[in-house]
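*Asks:* When you get a sec, could you build the whole thing from the sequences and use the hints?
Taken in order, these protein sequences are the chains called A and B.
Oh and the first sequence: position 82 is 82 in the working numbering, straight run, nothing missing.
Oh and the second sequence: position 48 is 48 in the working numbering, straight run, nothing missing.
Since the hints were derived computationally from the structure, they do not count as laboratory data.
It is possible that part of the hints are untrue.
[Stated by the list, open to error] Taking lysine-lysine pairs in the DSSO-like style, the calculated list, with each CA pair at most 30 Å apart, reads:
1) K288(A) to K250(A)
2) K227(A) to K37(B)
3) K67(B) to K34(B)
4) K53(B) to K256(A)
5) K53(B) to K237(A)
6) K250(A) to K53(B)
7) K78(B) to K227(A)
8) K37(B) to K288(A)
9) K34(B) to K237(A)
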Amino acid sequence: MDVNMQSLSNHKHRLCSGYAIAVVVLSLLMGCSSMRYGGAPEPSFDLDRDLEQLAEQFKPADSIKEFYKNPTKDSRDDFITGRITMMNIRYIQFIRQVTADRQLLDSAADMLTLGLSIGGASFGTAATKTILAAVAAGIGGSKQIVDKNYYFDKTLPALVGQMNAERKNALIPILQGMKNELTEYPFGQAVTDLYNYYHAGTFAGAIQAIQADAATKEQEKDREIRKITPLAPETRKIKRALTLAVGTLKQADLEKIKTVVRGTPGVTPANDFSSALNQLQDIIRNAKPEDIPNIKDRFEEAGIPVAQ
Amino acid sequence: MSNDQIQREIEGNQSLAEINDTIGDEELGASEFKGSKVSTVNNKPTNIVTFSKLPPGKIPNKLTVVKDGTAQPAGTQKVWSGTMVVSGTITAVVGYRAT
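*Replies:* Here's what the structure looks like:
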């Protein structure tokens, strides 16, 4: 290759590299924007500013110290409402950073609306109600700008979905508690329940819940035990004959065994004799009564004699 | 429950003769009766029976379950005793296996 050709080649290479870098940078910039705003334009309202305004309203009530100045049912409920509202807004900010799934945002926003409704009942001033209404409208609006056409990860939505579900569960004892007097739903219990509510909105909480759910499902699966009843005399004879036939098989019969095993949906024949033989016995062991004659046919087609 | 064991349900409406046939039929698949416990499924008492897997091709000697207090069948040895739901009634039973 001469010098000019080398130079042209290098130039092309630089152009290609530059183009590739530009595409990557542009994709990253667009990707960041998409992730932050759920694949939609930046919202016209400022959630951070709304949060600051809400914090001004709720901060006094959000303080444990404030409650003990006047430990009554009302101050307990004010504390709960303030803390739930702050948690809800911060939760929405959090999941907006990690996912762009509209349904997940909808669910989280519904929780905030519920929290704000409690707030509306507890904090009766006109100014507070105005801010609450504005934030509620803003959140409602934010739901509408989010659409399906953006990136989303398969695992993250599952985790956030779990978090939303767990938060709803964790809110129940709080809402029930608030109906009771301070002696029946003490402040300490409310703080504990609020912590649980917070924890339900974390990845760690979601993973714990998923693990617990998986364990429960595993137990339920264990409970799916097959019912057995006496076999018809002819089926009984065939089943016995099949097992006895298995007992006669040798290493040289591996291909015959694999032929029978291959006919069972979802089972891949093992290549070693011992494992394949176990698979064959499992087919007989787990067969439904109506399938037993068919297994006998498969044995015979594979060249395994079944003597009745 | 280990991988070498399987569980089956024998409904509590079966008679003792049917229970014996059912267990015997299950054992024809190279399984061996190990025990049974009374459990509740859909609010109905039932028998959850545990079998161990035997080596391929092996059928155990015949098992006979009788009501507790019944004479031991000849040529058997006691392998299990407990309770089962028999014809809808929780019954003390003993399992003997032919030797």
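*Asks:* Take the hints in turn and mark each one as holding or not.
*Replies:* To see whether the hints hold, each was checked on the structure:
no.: 1; hint: K288(A) to K250(A); verdict: holds (26 Å)
no.: 2; hint: K227(A) to K37(B); verdict: holds (14 Å)
no.: 3; hint: K67(B) to K34(B); verdict: holds (17 Å)
no.: 4; hint: K53(B) to K256(A); verdict: holds (23 Å)
no.: 5; hint: K53(B) to K237(A); verdict: holds (20 Å)
no.: 6; hint: K250(A) to K53(B); verdict: holds (20 Å)
no.: 7; hint: K78(B) to K227(A); verdict: holds (26 Å)
no.: 8; hint: K37(B) to K288(A); verdict: holds (23 Å)
no.: 9; hint: K34(B) to K237(A); verdict: holds (23 Å)
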